[in-house]
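Novice: Sequence:
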Amino acid sequence: MTTTGRGPDGPLAGVRVVELAGIGPGPFAAMLLADLGADVVRVDRPDASALVLDPAYDLTNRNKRSVRVDLKSEEGAGHVLDLAERADILIEGYRPGVAERLGVGPDACLARNPRLVYGRMTGWGQDGPLADRAGHDVGYIALSGTLSMIGDPDGPPALPANLVGDYAGGSLYLVVGVLAALRHARTPDGTGQVVDAAVVDGSAHLATMIHGMLAAGAWQDRRGSNLLDGGCPFYGCYETSDGRYMAVGPLEQRFYEQFTTLLGIEEETASARDDLGRWPGLRAAVAARFRTRSRAEWTEVFEGTDACVAPVLSLREAPGHPHLAARATYVEHGGLTQPAPAPRFSATPTAVRRPPARPGADTEEVAADWDVPGLRTAEGPVG
Numbered sequence: 458m459t460t461t462g463r464g465p466d467g468p469l470a471g472v473r474v475v476e477l478a479g480i481g482p483g484p485f486a487a488m489l490l491a492d493l494g495a496d497v498v499r500v501d502r503p504d505a506s507a508l509v510l511d512p513a514y515d516l517t518n519r520n521k522r523s524v525r526v527d528l529k530s531e532e533g534a535g536h537v538l539d540l541a542e543r544a545d546i547l548i549e550g551y552r553p554g555v556a557e558r559l560g561v562g563p564d565a566c567l568a569r570n571p572r573l574v575y576g577r578m579t580g581w582g583q584d585g586p587l588a589d590r591a592g593h594d595v596g597y598i599a600l601s602g603t604l605s606m607i608g609d610p611d612g613p614p615a616l617p618a619n620l621v622g623d624y625a626g627g628s629l630y631l632v633v634g635v636l637a638a639l640r641h642a643r644t645p646d647g648t649g650q651v652v653d654a655a656v657v658d659g660s661a662h663l664a665t666m667i668h669g670m671l672a673a674g675a676w677q678d679r680r681g682s683n684l685l686d687g688g689c690p691f692y693g694c695y696e697t698s699d700g701r702y703m704a705v706g707p708l709e710q711r712f713y714e715q716f717t718t719l720l721g722i723e724e725e726t727a728s729a730r731d732d733l734g735r736w737p738g739l740r741a742a743v744a745a746r747f748r749t750r751s752r753a754e755w756t757e758v759f760e761g762t763d764a765c766v767a768p769v770l771s772l773r774e775a776p777g778h779p780h781l782a783a784r785a786t787y788v789e790h791g792g793l794t795q796p797a798p799a800p801r802f803s804a805t806p807t808a809v810r811r812p813p814a815r816p817g818a819d820t821e822e823v824a825a826d827w828d829v830p831g832l833r834t835a836e837g838p839v840g
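Under the working numbering, the first residue of the sequence shown is numbered 458, with each subsequent residue one higher.
Be careful, since some hints might not be right.
[Unchecked claim] What follows is a set of in silico ranges between Cβ atoms, one per label pair, in the way DEER data are often shown:
| # | residue 1 | residue 2 | range |
| --- | --- | --- | --- |
| 1 | ARG748 | LEU684 | 19 to 25 Å |
| 2 | HIS641 | GLU709 | 37 to 43 Å |
| 3 | ASP584 | GLY721 | 32 to 38 Å |
| 4 | ALA804 | GLU757 | 36 to 42 Å |
| 5 | ARG543 | ASP504 | 23 to 29 Å |
Hints were generated in silico from the structure; no laboratory data involved. Just so you know, even glycine gets a beta-carbon here, dropped at the ideal spot from N, CA and C.
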């Protein structure tokens, strides 16, 4: 496993980002920008150390620096505005109107820096009937229709952690949005602007292709009835003799033939692939066959083939897989194994350069680098 240090700067070297501390998709979006080389300064609250997760393990704060600012103090907003004046991007994840009440909303920040990209990350968005309501990932993807597609048809929808909503539908869309807005801001006539990223919008957008298929009659609005949601017996997961699982996905004919041959059921299932009426029997045959061997044994059977079969690995197992190890998909930094920055860049490679930022630990450094001396007295009482 690769151990990274202070390595390459990445394609966003020189871009300055202010992150107003929050939870979920905002910090992850800021981490993505930091991984790409941006100088991300996280503005933590005086009581930030009271968070449940030890800051040393909060990997969404890697490659960042942290300062403490008491936004409820008389001088707090001024310190953030000083940072915003020197930044290219600002990210906040408050409910609509909170940043304005704190004196660090878009109008105040853009008045100080007309080319600032002001990224707003929420679940429901900045407007609409639900904009002011509390919520979490599961509710956002439920309302967008995305959650309804995941899970067994005879049970409740399955929860995909907070990956589909917060991170895919939220963080990734915020990053795309602020980088597109930054591109515009840097044109000769460009200006700053507000980027309204909502998890409901992003998670709905993730299903764009599915909506087209639904309109064309190629997708059923009931999970477990379609090619890609578990309805197809050769696209899913099967239990092995040791209680583990193999993921199966040989959709194309040539891959399917190799799959059934290696599984040892080619004679009885050769014509079942295109006969939906025989799919229940095919599923039963595949399931029964997988239960005859362990996951390790089946992994060896399919290793090096185009049968489109892979073992389902746990989070602890994944870093040790030979392919992921060869690509350094996981790296070790400061004693913590973690996913490496992605994607890869040939001319401007990225790296894990710094451990997770500890609240307020970089105040002196940022005050000097960003020429904001007032930060040195900005912390207020620490709880």
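Novice: Evaluate each hint against the coordinates.
Specialist: Checked hints:
Range check, ARG748 to LEU684: about 24 Å between beta-carbon atoms, so the 19 to 25 Å window is met. Range check, HIS641 to GLU709: about 41 Å between beta-carbon atoms, so the 37 to 43 Å window is met. At roughly 58 Å, the beta-carbon separation of ASP584 and GLY721 lies outside the given 32 to 38 Å, and the hint is violated. Separated by about 39 Å at the C-beta atoms, ALA804 and GLU757 satisfy the suggested range of 36 to 42 Å.
Checking the proposed 23 to 29 Å range against ARG543 and ASP504 shows it holds: the Cβ atoms sit about 26 Å from each other.
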